[in-house]
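Residue numbers (this note's numbering): 1 to 82.
For the record, the hints were derived by calculation from the structure and aren't laboratory data.
All of these numbers come straight from a predicted model, not from anything done at the bench.
Hints are not guaranteed to be accurate.
Claimed, not checked - Below, computed lysine-lysine pairings styled on DSS-like, alpha-carbon distance capped at 25 angstroms:
#1 Lys48 x Lys27
#2 Lys37 x Lys48
#3 Lys16 x Lys2
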Amino acid sequence: MKKDLHPSNYRLVVFKDMSNDYSFITKSCIDTRETVKWEDGNEYPLVKLEISHTSHPFYTGKMKLVDTAGRIDKFRSRYNKK
1 MKKDLHPSNY RLVVFKDMSN DYSFITKSCI DTRETVKWED GNEYPLVKLE
51 ISHTSHPFYT GKMKLVDTAG RIDKFRSRYN KK
């Protein structure tokens, strides 16, 4: 096996879905600036997600349109057939 192939900062990280406040903890080596106190009382690095399996339409079966900054309206007004 090759030496120094795997990252050395592999640790527990909390991922939080910002659309519905669902959080889960898993191992990752992603760099983060924020931390959060988890249910066990320990503090872990925090990664904020826009969408996860609890809010994605494919997994929930619900079509929920998340429009940030009116991008869809801008697109429709720009390419609207006259």
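Against the structure, the hints come out as follows:
1. Lys48 x Lys27: holds, 15 angstroms
2. Lys37 x Lys48: holds, 14 angstroms
3. Lys16 x Lys2: violated, 34 angstroms
The structure does not agree with numbered hint 3 stated previously, though it agrees with all others.
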